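Since the structure of chain A is provided, determine the placement of chain B on it from the hints.
So the sequence lines, in the order shown, correspond to chains A and B. Sequential numbering from 45 applies to the first sequence in the working numbering. Sequential numbering from 45 applies to the second sequence in the working numbering.
Among the hints, erroneous ones may be present.
It does not matter which identical chain is meant; a pair holds if it fits inside one copy or across any two.
Claimed, not checked - Think about it this way: if two alpha-carbon atoms lie no more than 20 angstroms apart in a straight line, the pair counts; the simulated SDA-like pairs of lysine to any residue are: (1) 200 with 288; (2) 334 with 264; (3) 256 with 201; (4) 108 with 220; (5) 146 with 288; (6) 146 with 201; (7) 484 with 217; (8) 168 with 347; (9) 200 with 290; (10) 484 with 222; (11) 377 with 50; (12) 256 with 202; (13) 95 with 444.
If you are wondering where the hints come from, they were derived from the structure by calculation, not from laboratory data. The model shown is predicted, which means the values in this text are computed figures rather than measured ones.
Number of protein chains: 2
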Amino acid sequence: MIKEAIITDLQRIVGKENTLTSPEALKAYSYDGTTSWIEEPDVVVFPTSAKEISEIMKLANAEKIPVTPRGGGTNVSGGSVPIQKGIVLCTTKMNKVVRIDKENLSATVEPGVVLQDLTMMLMKEGLFFPPDPQSFLGATLGGIIAENAGGPACVKYGVTKQYILGIEVVLPTGEIVNLGGRTLKNVVGYDLLHIFISSEGTLGVITKAELKLRPLPQARKTTMVVYDDVSKAGEGVFRVLENGVIPNKIELLDNWVINRIEEMMPMGLPKDADAVLLFECDGIPEAVEKETEKIVEITKQFGAVDVRIAKDQAEADKYWLARRAGFAAVFGKAKTVMAEDVTVPRGKIPDLIKICKDLAKKHNVEIVVLGHAGDGNLHPAVLTDITNKEHYDRAVKAMDGIIEGAVELGGVLSGEHGIGLEKQKFFSKITDPVVVNMMKNIKKLFDPNNIMNPGKIWD
Amino acid sequence: MIKEAIITDLQRIVGKENTLTSPEALKAYSYDGTTSWIEEPDVVVFPTSAKEISEIMKLANAEKIPVTPRGGGTNVSGGSVPIQKGIVLCTTKMNKVVRIDKENLSATVEPGVVLQDLTMMLMKEGLFFPPDPQSFLGATLGGIIAENAGGPACVKYGVTKQYILGIEVVLPTGEIVNLGGRTLKNVVGYDLLHIFISSEGTLGVITKAELKLRPLPQARKTTMVVYDDVSKAGEGVFRVLENGVIPNKIELLDNWVINRIEEMMPMGLPKDADAVLLFECDGIPEAVEKETEKIVEITKQFGAVDVRIAKDQAEADKYWLARRAGFAAVFGKAKTVMAEDVTVPRGKIPDLIKICKDLAKKHNVEIVVLGHAGDGNLHPAVLTDITNKEHYDRAVKAMDGIIEGAVELGGVLSGEHGIGLEKQKFFSKITDPVVVNMMKNIKKLFDPNNIMNPGKIWD
Numbered sequence: 045m046i047k048e049a050i051i052t053d054l055q056r057i058v059g060k061e062n063t064l065t066s067p068e069a070l071k072a073y074s075y076d077g078t079t080s081w082i083e084e085p086d087v088v089v090f091p092t093s094a095k096e097i098s099e100i101m102k103l104a105n106a107e108k109i110p111v112t113p114r115g116g117g118t119n120v121s122g123g124s125v126p127i128q129k130g131i132v133l134c135t136t137k138m139n140k141v142v143r144i145d146k147e148n149l150s151a152t153v154e155p156g157v158v159l160q161d162l163t164m165m166l167m168k169e170g171l172f173f174p175p176d177p178q179s180f181l182g183a184t185l186g187g188i189i190a191e192n193a194g195g196p197a198c199v200k201y202g203v204t205k206q207y208i209l210g211i212e213v214v215l216p217t218g219e220i221v222n223l224g225g226r227t228l229k230n231v232v233g234y235d236l237l238h239i240f241i242s243s244e245g246t247l248g249v250i251t252k253a254e255l256k257l258r259p260l261p262q263a264r265k266t267t268m269v270v271y272d273d274v275s276k277a278g279e280g281v282f283r284v285l286e287n288g289v290i291p292n293k294i295e296l297l298d299n300w301v302i303n304r305i306e307e308m309m310p311m312g313l314p315k316d317a318d319a320v321l322l323f324e325c326d327g328i329p330e331a332v333e334k335e336t337e338k339i340v341e342i343t344k345q346f347g348a349v350d351v352r353i354a355k356d357q358a359e360a361d362k363y364w365l366a367r368r369a370g371f372a373a374v375f376g377k378a379k380t381v382m383a384e385d386v387t388v389p390r391g392k393i394p395d396l397i398k399i400c401k402d403l404a405k406k407h408n409v410e411i412v413v414l415g416h417a418g419d420g421n422l423h424p425a426v427l428t429d430i431t432n433k434e435h436y437d438r439a440v441k442a443m444d445g446i447i448e449g450a451v452e453l454g455g456v457l458s459g460e461h462g463i464g465l466e467k468q469k470f471f472s473k474i475t476d477p478v479v480v481n482m483m484k485n486i487k488k489l490f491d492p493n494n495i496m497n498p499g500k501i502w503d
Numbered sequence: 045m046i047k048e049a050i051i052t053d054l055q056r057i058v059g060k061e062n063t064l065t066s067p068e069a070l071k072a073y074s075y076d077g078t079t080s081w082i083e084e085p086d087v088v089v090f091p092t093s094a095k096e097i098s099e100i101m102k103l104a105n106a107e108k109i110p111v112t113p114r115g116g117g118t119n120v121s122g123g124s125v126p127i128q129k130g131i132v133l134c135t136t137k138m139n140k141v142v143r144i145d146k147e148n149l150s151a152t153v154e155p156g157v158v159l160q161d162l163t164m165m166l167m168k169e170g171l172f173f174p175p176d177p178q179s180f181l182g183a184t185l186g187g188i189i190a191e192n193a194g195g196p197a198c199v200k201y202g203v204t205k206q207y208i209l210g211i212e213v214v215l216p217t218g219e220i221v222n223l224g225g226r227t228l229k230n231v232v233g234y235d236l237l238h239i240f241i242s243s244e245g246t247l248g249v250i251t252k253a254e255l256k257l258r259p260l261p262q263a264r265k266t267t268m269v270v271y272d273d274v275s276k277a278g279e280g281v282f283r284v285l286e287n288g289v290i291p292n293k294i295e296l297l298d299n300w301v302i303n304r305i306e307e308m309m310p311m312g313l314p315k316d317a318d319a320v321l322l323f324e325c326d327g328i329p330e331a332v333e334k335e336t337e338k339i340v341e342i343t344k345q346f347g348a349v350d351v352r353i354a355k356d357q358a359e360a361d362k363y364w365l366a367r368r369a370g371f372a373a374v375f376g377k378a379k380t381v382m383a384e385d386v387t388v389p390r391g392k393i394p395d396l397i398k399i400c401k402d403l404a405k406k407h408n409v410e411i412v413v414l415g416h417a418g419d420g421n422l423h424p425a426v427l428t429d430i431t432n433k434e435h436y437d438r439a440v441k442a443m444d445g446i447i448e449g450a451v452e453l454g455g456v457l458s459g460e461h462g463i464g465l466e467k468q469k470f471f472s473k474i475t476d477p478v479v480v481n482m483m484k485n486i487k488k489l490f491d492p493n494n495i496m497n498p499g500k501i502w503d
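Looking at chain A on its own, in the form it has when it is part of the complex (with noise of 0.2 angstroms):
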């Protein structure tokens, strides 16, 4: 517990009605997008600007007070949660879109800033920023960067840290630094800017950022493709890019996730496929056709049973709704899920699927697959029950299983959702010890006191 002379200093930084330490307001801000962990600060900041989040973190640092950074709190690994208490560092009322500069091709953003508003704001421009996590309806930008989100578009743009020009940085010292810049091509010293995306809140506050912007494609085609085996699918994946087609986005649903929609709301989805792919390609009208025309041959020359156009947006828009409608269809059937996020080398794709039929089958569970084919970030997801331990320890090992077959494959623990407080167990097991030594070092060096989201990353 924090004293009162804390809070009361946290007040004339912030203001008191930027202050908030009523058991509400706690309670709100004792979570995030996994549900997994409840941990109350002791108190929740809304600070207006860098330099009062500055104030906040030489307080914190001088007193070495837990300092949590968050925003829309939509992150799924326990990241944002205050799990050593402390003050929750908010952001949402850092909310402006400084600058677009359409002569640039890029924005000047806070913190704050909800992805979708952002999206609006630029669309009205012809622009858009490639980064779409599909916590998009709710997440701020200081956390896409924080966690280096991803998102079905990485296929072709790649993930976020390919959008992130500059940022302006409150050290957990104190100090305001900007990293980066506003240019595309920046050769200044070391590559500082990287070590902060994907550092997970853990090495400072983000106050300001310059995203690289692409104009908005002028034209987008879906294509579902229906197969009757799941490896096929997976081949499929590669097939198409190898051919040199390079679509925005490739999803996989599985039978057992395609079911569940059309329970919840029926799309017209083949329910008796044993998985589907949903392809959208965009850019130029005429090179979209052509890309389109290409997929359909390729997919049927490798094993698909169907390929459905979509005739226009309409149809267009129900597929992807229901690739979306997929994780709640997944979360609303069992009491736990525990949803994984591993990423392979693409070519590995039905490898990993056999991996988890496998295991399906040896530890007795269900497991269902369905994520971002089209950059071998998979969401694979195990069916259990906590309050039953006897399976929920099959359950566990089954998702152990996952992640070392995933693992030997060539692939990581995580592709977009970070380490936070769910993966700590496996990141630890599997990361050479010198390597994790160089980033405990790094953080000594920025977070001597250990004060910014402690408890994070590693235990």
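Quick look at chain B alone, frame taken from chain A:
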């Protein structure tokens, strides 16, 4: 001068045949692409494995001997000059392409692979590695990564760091570590990979890299756009981009460069033009056609006096040969050429050109402008003669003005060449001391005895 016993140890590690100490050899490894600095090492070694490099580093670290890593030696900021003598560690015998993975669109390479060799191998597989520094005929992948090299194609494809999925690196203390991986998405602790990319060989020796590839474009088309005012050419760049067309390359040649090229080898460039822009579009044939039409339309609308679409690849090749000849033309026409690498937000290109023109007038020196206009990375060059002190002093003042001007426009000191020895003066002046200190602390962390390419980036 290092002890004889050290040479014997090195011979034991890499073999006698891979240890050079003859005066001719030491001279050959005493300079880089700048030729502005010359310093002979004590010994040159050619290791053939990460294990050998690890042993070399342990020896050098124990004995506190400087180690300067080097590949093709084509870099242009003094980065591979062994300014504090010691060991030059040359990676050119580690030149295997270990794997080309078509399914994952990736390749595993050793650091000594020459970019052009890789390009030829990938072409056979219908693939390419986008970064294209103009030293591609000699530049090796290790150096390309260590300098985060750019090139003309960055307008559409981005810089080297966007194509490195993972590296194996030998630390100055001898540990061999793997950073990153083989997947597109990867959020597993701090992004140490990017600290090594653009670290200019000061943090470790890259011994293997996993490169992200793209399918080879099916079509290309080159368009030359002629302007009677170089500032209008600058404007042309962002007018094209803001209209949603992203060519692969947009290069600028000013009147002076055009005329020197035509003197060297008549190419049919318009000698009375104040500037030309060269555009290349690549991709699916239909899209390339459409984008080229759009470039013609937009540039005519914004002040172009003539637009020529290359009728075939032969004509296109001629223009691109002219572009590459541009640098030779500049360097052949003055005793001393101060060539810079500043980068500004794209919309600021006309302002940067104006600054160059004003400085040329003010200091009565010739300033030539060419470079990668598409990403704001210009290479303004001041022509002078280092033996004529009075003229040289004026040239230095003009160059200082260019750099200050670029930074004031929101730009950076170096877009793709790195700081090395060449830009140290400006680096310290322009970079926030807090940030420099963060960088120096990371250097100390990884290289406690300062043996790894010492004397670079900062004094």
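Right, here's what the structure says about each hint:
In the homo-oligomer, the alpha carbons of residue 200 and residue 288 lie at most 20 angstroms apart both inside one protomer (12 angstroms) and across protomers (17 angstroms), since each shortest distance falls under that limit. In this homomeric assembly, residue 334 and residue 264 come within 20 angstroms of each other (Cα to Cα) both inside a single copy, at 12 angstroms, and across copies, at 16 angstroms. Proximity of residue 256 to residue 201 under the C-alpha cut-off of 20 angstroms is found in both arrangements, the shortest distances being 12 angstroms within a copy and 13 angstroms between copies. For the identical chains of this complex, residue 108 and residue 220 are intra-copy neighbours only, at 19 angstroms inside a copy versus 36 angstroms across copies, given an alpha-carbon limit of 20 angstroms.
For the homomeric pair residue 146 and residue 288, the shortest alpha-carbon distance between copies (10 angstroms) is at most 20 angstroms, but the shortest distance inside one copy (30 angstroms) is not. With identical chains, the CA atoms of residue 146 and residue 201 are at most 20 angstroms apart both within one copy (19 angstroms) and between copies (19 angstroms). Taking identical chains as interchangeable, the C-alpha atoms of residue 484 and residue 217 lie at most 20 angstroms apart whether they share a chain (17 angstroms) or sit on different chains (17 angstroms). With identical chains, the CA atoms of residue 168 and residue 347 are never at most 20 angstroms apart, being 41 angstroms at best within one copy and 27 angstroms at best between copies.
Taking the shortest Cα distances, residue 200 and residue 290 sit within 20 angstroms of each other both inside one copy (6 angstroms) and across copies (15 angstroms). Taking identical chains as interchangeable, the C-alpha atoms of residue 484 and residue 222 lie at most 20 angstroms apart only when they sit on different chains, with a minimum of 16 angstroms there against 23 angstroms within one chain. With identical chains, the CA atoms of residue 377 and residue 50 are never at most 20 angstroms apart, being 45 angstroms at best within one copy and 68 angstroms at best between copies. Taking the shortest alpha-carbon separations for residue 256 and residue 202, both the intra-copy value of 12 angstroms and the inter-copy value of 11 angstroms come in at or below 20 angstroms.
In this assembly of identical chains, the alpha carbons of residue 95 and residue 444 never lie at most 20 angstroms apart, being 44 angstroms within a copy and 32 angstroms across copies at closest.
In this structure, the hints that do not hold are numbers 8, 11, 13, in rising order.
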